[in-house]
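Q: For reference, the chains in residue letters:
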Amino acid sequence: MLATIPSATLLGVEGRQVAVEVHVSSGLPGFTLVGHPDPVCREARDRVRAALLSSGLPWPMKRVTVNLAPGMLRKVGPGLDLPIAVGLLVATGQLEPEAVAGCAFLGELGLDGSLRRVPGIVPLVGALEARAVVVPMECVAEAAVVGRVRVRAAGRLSELVSCLRGHDPWPDPPPPPTVDGPPPPPRPDLADVRGQPVGRVALEISAAGGHHLLLSGPPGAGKTMLARRLPGLLPPLEGDDALAATTIRSAAGQALPPAGLVVDPPFRAPHHGASAVALIGGGTAWMRPGEISQAHLGVLFLDEMAEFPRMVLDALRQPLEEGVVRVSRARASVTFPARFLLVGATNPCPCGEAGPEGRCRCTDGARNRYHQRLSGPLLDRFDLRVVVARPDVADLLGGAAGESTAVVAARVAAARERARSRGVACNAQLPASVLDQVAPLAPSALAVLEHQLRVGALSGRGLHRVRRVARTIADLAGAGTLIDEHHVCLALGLRADVVPVEVAA
Amino acid sequence: MTGPAREPAAGMAPGLPAEAYAAALAGLPAMGHRRLVAALRRWSPEEAWRHVVGGRADEDPGLADLWCSAAAEVDVDGLWRRHLHAGAGLLWFGSSGYPGVLADDHQPPGVLFHRGDPSALAGRRVGIVGTRQCTRYGREMAHELGRDLAASGVRVVSGLAAGVDGAAHAGALAAGAAPPIAVVGSGVDVVYPRRNSQLWADVAEAGLLLSEAPLGAAPEAWRFPVRNRVIAALSEVVVVVESHARGGSKYTVEAAADRSRTVMAVPGSVRSPASAYTNALLADGCAPARDATDILVALGLSTAGPGPAPADSRPAPGPVEAGVLGALGWEPASLEGVVLRCGLTPGETMVALSHLQRDGWATTRHGWWERCAHG
Numbered sequence: 001m002l003a004t005i006p007s008a009t010l011l012g013v014e015g016r017q018v019a020v021e022v023h024v025s026s027g028l029p030g031f032t033l034v035g036h037p038d039p040v041c042r043e044a045r046d047r048v049r050a051a052l053l054s055s056g057l058p059w060p061m062k063r064v065t066v067n068l069a070p071g072m073l074r075k076v077g078p079g080l081d082l083p084i085a086v087g088l089l090v091a092t093g094q095l096e097p098e099a100v101a102g103c104a105f106l107g108e109l110g111l112d113g114s115l116r117r118v119p120g121i122v123p124l125v126g127a128l129e130a131r132a133v134v135v136p137m138e139c140v141a142e143a144a145v146v147g148r149v150r151v152r153a154a155g156r157l158s159e160l161v162s163c164l165r166g167h168d169p170w171p172d173p174p175p176p177p178t179v180d181g182p183p184p185p186p187r188p189d190l191a192d193v194r195g196q197p198v199g200r201v202a203l204e205i206s207a208a209g210g211h212h213l214l215l216s217g218p219p220g221a222g223k224t225m226l227a228r229r230l231p232g233l234l235p236p237l238e239g240d241d242a243l244a245a246t247t248i249r250s251a252a253g254q255a256l257p258p259a260g261l262v263v264d265p266p267f268r269a270p271h272h273g274a275s276a277v278a279l280i281g282g283g284t285a286w287m288r289p290g291e292i293s294q295a296h297l298g299v300l301f302l303d304e305m306a307e308f309p310r311m312v313l314d315a316l317r318q319p320l321e322e323g324v325v326r327v328s329r330a331r332a333s334v335t336f337p338a339r340f341l342l343v344g345a346t347n348p349c350p351c352g353e354a355g356p357e358g359r360c361r362c363t364d365g366a367r368n369r370y371h372q373r374l375s376g377p378l379l380d381r382f383d384l385r386v387v388v389a390r391p392d393v394a395d396l397l398g399g400a401a402g403e404s405t406a407v408v409a410a411r412v413a414a415a416r417e418r419a420r421s422r423g424v425a426c427n428a429q430l431p432a433s434v435l436d437q438v439a440p441l442a443p444s445a446l447a448v449l450e451h452q453l454r455v456g457a458l459s460g461r462g463l464h465r466v467r468r469v470a471r472t473i474a475d476l477a478g479a480g481t482l483i484d485e486h487h488v489c490l491a492l493g494l495r496a497d498v499v500p501v502e503v504a505a
Numbered sequence: 506m507t508g509p510a511r512e513p514a515a516g517m518a519p520g521l522p523a524e525a526y527a528a529a530l531a532g533l534p535a536m537g538h539r540r541l542v543a544a545l546r547r548w549s550p551e552e553a554w555r556h557v558v559g560g561r562a563d564e565d566p567g568l569a570d571l572w573c574s575a576a577a578e579v580d581v582d583g584l585w586r587r588h589l590h591a592g593a594g595l596l597w598f599g600s601s602g603y604p605g606v607l608a609d610d611h612q613p614p615g616v617l618f619h620r621g622d623p624s625a626l627a628g629r630r631v632g633i634v635g636t637r638q639c640t641r642y643g644r645e646m647a648h649e650l651g652r653d654l655a656a657s658g659v660r661v662v663s664g665l666a667a668g669v670d671g672a673a674h675a676g677a678l679a680a681g682a683a684p685p686i687a688v689v690g691s692g693v694d695v696v697y698p699r700r701n702s703q704l705w706a707d708v709a710e711a712g713l714l715l716s717e718a719p720l721g722a723a724p725e726a727w728r729f730p731v732r733n734r735v736i737a738a739l740s741e742v743v744v745v746v747e748s749h750a751r752g753g754s755k756y757t758v759e760a761a762a763d764r765s766r767t768v769m770a771v772p773g774s775v776r777s778p779a780s781a782y783t784n785a786l787l788a789d790g791c792a793p794a795r796d797a798t799d800i801l802v803a804l805g806l807s808t809a810g811p812g813p814a815p816a817d818s819r820p821a822p823g824p825v826e827a828g829v830l831g832a833l834g835w836e837p838a839s840l841e842g843v844v845l846r847c848g849l850t851p852g853e854t855m856v857a858l859s860h861l862q863r864d865g866w867a868t869t870r871h872g873w874w875e876r877c878a879h880g
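Residue numbers (this note's numbering), protein chains in the order written: chain A, 1 to 505; chain B, 506 to 880.
What the hints contain is simulated information worked out from the structure, not anything from laboratory work.
Keep in mind the model is a prediction, meaning the values are calculated, not measured.
For glycine and all other residues, C-beta sits at the position ideal for the given N, C-alpha and C.
There may be inaccurate statements among the hints.
Beyond 12 Å from chain B on every Cβ pair, some chain A residues (computed) [what the hints assert, rightly or not]:
#1 Val24
#2 Arg63
#3 Ala315
#4 Arg385
#5 Val407
#6 Ser444
#7 Gln452
Covered stretches of chain B, going by a simulated chain A footprint (3 or more residues, C-beta under 8 Å) [claimed, not checked]:
#8 524-531
#9 855-867
Label pairs and their computed distance ranges (CB to CB) [to be verified]:
#10 Pro730(B) with Pro431(A): 54 to 62 Å
#11 Ala401(A) with Gly823(B): 54 to 62 Å
#12 Gly823(B) with Gly478(A): 25 to 33 Å
#13 Ser765(B) with Ala447(A): 56 to 64 Å
#14 Ala788(B) with Gly480(A): 57 to 65 Å
#15 Ser765(B) with Met311(A): 32 to 40 Å
#16 Gly478(A) with Gln703(B): 33 to 41 Å
#17 Ser459(A) with Asp789(B): 26 to 34 Å
#18 Ala447(A) with Gly805(B): 21 to 29 Å
#19 Ala723(B) with Ala366(A): 39 to 47 Å
#20 Arg187(A) with Gly848(B): 25 to 33 Å
#21 Pro431(A) with Ser702(B): 39 to 47 Å
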């Protein structure tokens, strides 16, 4: 007898439909699994057999063939355990075909017959065409994010079978997990930052315009402290953006917030030991989204940026430009979304003290090697490059608290709203062709830019970037269409050549 | 005497100048300036080379053997042609052109390779030295002192390194008067640091480039303190512009003190680490060098100085700009520092700074703002 059960598998951050076909016939007892399973998926046979027997269900002494269609698609992970078990029960006549009609199944089986969560429930459920889906009890909130599909939950295979047979009602989904343990720490607030007026302004502009930000300064200047306050300034994710962020986090196998949907912009801070694959995505076992995709619509923070291998950093250039990253491997080629706000922090030299005071004790060679990690094209992608100096002692100890995150976030939201009225999510995405129209320059502003171009301090591409940043500054100030000298000067001042080719000459 | 007497090496062709043999001697291993001077006190360069080739150049048989086997590899004729090709000449201890001030020194160099005209040494000489990692202030002071001294006919002696040394030479060249004298640590054909290559060429063209190191010698760290004693010996006054507490200028100052040369120091901010050593020198009783006149007085030259500086042609800053310029002060400051000091918003500060930059009152470098002394 033949049974076909709909299910899905992961490819990158997308789900792909899989039809699990189970054929049971007379012949020498045996179990064959075909259809390009990966090693984990291939082990389903032993898990399914033990789970059936533990649940008091007989294992057929017949010839069983399981095919996972389409055959070309590689099936990853243990999520097909449950559909294989259900298909087997239908094919052996232990379940009526009508009982499972229109219902898809996702989940890993334990040897005791329990259902376990699998990564990527959001994209997997999103890919299904079935009316209903059965998922492990722990995944209900995650599966419900999709909304379109009716979600049923089961804790154990035996319970599931009796529900499908109509003996028992479907169990209620578990209540949203109560807060056990300490509440999540509050997000860092901008009010904690004392002094640092320029760093705060740069942070605000970066959040409002989506401009990549590079902070350079000695150890202890507060680079990391500033960067960690950036996600709080970004507006919460809505609609498709929230679903996209949720999908990626689910596909990366990470826990979702209790409400299911990811609304806080993600903040990823990979260590500088991260490999190119960890940052970009890919991997041998399955195509996993990398750090840059997990930071999609949020912030990717690279602390100690010059400590990253240069190859890893240069791999960021194409995603920064296109907002997606295409990972091609022998087995598959996957496109991951990767539209993130890049925040880099670096010391000016290995000892961290390089600067005009002449405190640096590094050798010329060590300093040059350090700076060569940051290639010119990568540095060029940072619209905002700011030197952060150690704050004044008086500011640290006394000093009035600055504006709080809430106040600044309100201005950022208003500025983003103005950017949206121009048809882009943020000003960093303004095409050069519309700059004259949306960011016309006042004569005084034009004079400043002309002088900068004439002395060679600004290139043609740099000019466009300065104009976009100036547009954001004007938006934050609530100014009109015309870009003023103030806006241009501040944009130029936040564009320092922070990484010197030579410090002392 | 070890072993049978050897045939003269192939390079012992007749008609080679004494300089060729001096160059060959200087290139021998373990041939420091003391041994070289000792040999040249006893013999002419040609005789000394003959002793080396014969294995009789030193009482220590190990050293004599070492030199003997090294000399067998040397083609004196080819070596000398390489010098001629590189435009390098040579002064050896005892030769007629050898500077008298060095001949009387207690640690004279055995040979001095040179590019340029050795007659540049004739005249009053002042050494200007300092750190490679100088501040803008140090660079400007070195440049001004070099320029004004050269304009008064004083030869500027320095090391052509990055930072203060190079700035002093650049200043001396800018005056276009007295020729600059550079004593370098590497071979005269090995430019170090590379970014100073134009300055090397200009100094060799307008003045004199000296080195104790043979042609092709790399800028090894031990050569620089040794080189510093030559700078001290050649200078009547040594001026330290900027130096960290443990900088290499200390060697020059100690060598100058050994030779009873006057040491002067340019005062700096007590907060600037780059002025730590110069300020310590002043505290120890060194005379301050505030400008070229101070140095000219120390030399006993006219106190008239180089004349008044040309009038400032920069447009006067406006009231806001003047306030920001005052807040900027004379030490480098980050934009943040200026903003905090002048009390304006970052945007207003940047407008003022960009006006100051346009008019030449301030300049920015790697995210730091600095005030310019002159346009």
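Q: Hint by hint, note whether the structure agrees.
A: Here's how the hints hold up against the structure:
1. Val24: Valine 24(A) is indeed farther than 12 Å from all Cβ atoms of chain B, at 73 Å.
2. Arg63: At roughly 74 Å from the nearest Cβ of chain B, arginine 63(A) sits farther out than 12 Å, so the non-interface label holds.
3. Ala315: Given a closest Cβ separation of 27 Å, the condition holds.
4. Arg385: About 7 Å separates arginine 385(A) from the closest Cβ of chain B, which leaves it inside 12 Å; violated.
5. Val407: holds (16 Å)
6. Ser444: violated (9 Å)
7. Gln452: violated (8 Å)
8. 524-531: Violated, because only 0 residues of the region 524-531 of chain B bring their Cβ atoms closer than 8 Å to Cβ atoms of chain A.
9. 855-867: holds (count 5)
10. Pro730(B) with Pro431(A): 54 to 62 Å: Holds: the Cβ-Cβ distance is about 60 Å, inside 54 to 62 Å.
11. Ala401(A) with Gly823(B): 54 to 62 Å: Since the Cβ atoms of alanine 401(A) and glycine 823(B) sit about 34 Å apart, the hinted range of 54 to 62 Å is violated.
12. Gly823(B) with Gly478(A): 25 to 33 Å: holds (26 Å)
13. Ser765(B) with Ala447(A): 56 to 64 Å: holds (59 Å)
14. Ala788(B) with Gly480(A): 57 to 65 Å: holds (59 Å)
15. Ser765(B) with Met311(A): 32 to 40 Å: The hinted range 32 to 40 Å is violated for serine 765(B) and methionine 311(A), with Cβ atoms some 59 Å apart.
16. Gly478(A) with Gln703(B): 33 to 41 Å: The hint (33 to 41 Å, Cβ to Cβ) is violated, given that glycine 478(A) and glutamine 703(B) are roughly 51 Å apart.
17. Ser459(A) with Asp789(B): 26 to 34 Å: violated (50 Å)
18. Ala447(A) with Gly805(B): 21 to 29 Å: Violated, since alanine 447(A) and glycine 805(B) (Cβ atoms, about 53 Å apart) do not stay within the stated range.
19. Ala723(B) with Ala366(A): 39 to 47 Å: Once the Cβ atoms are compared, 18 Å apart, the range 39 to 47 Å for alanine 366(A) and alanine 723(B) is violated.
20. Arg187(A) with Gly848(B): 25 to 33 Å: Between arginine 187(A) and glycine 848(B), where Cβ atoms are some 31 Å apart, the hint holds.
21. Pro431(A) with Ser702(B): 39 to 47 Å: Given about 44 Å between the Cβ atoms, the range holds.
In terms of the numbered hints stated before, the structure departs from hints 4, 6, 7, 8, 11, 15, 16, 17, 18 and 19, listed from lowest to highest.
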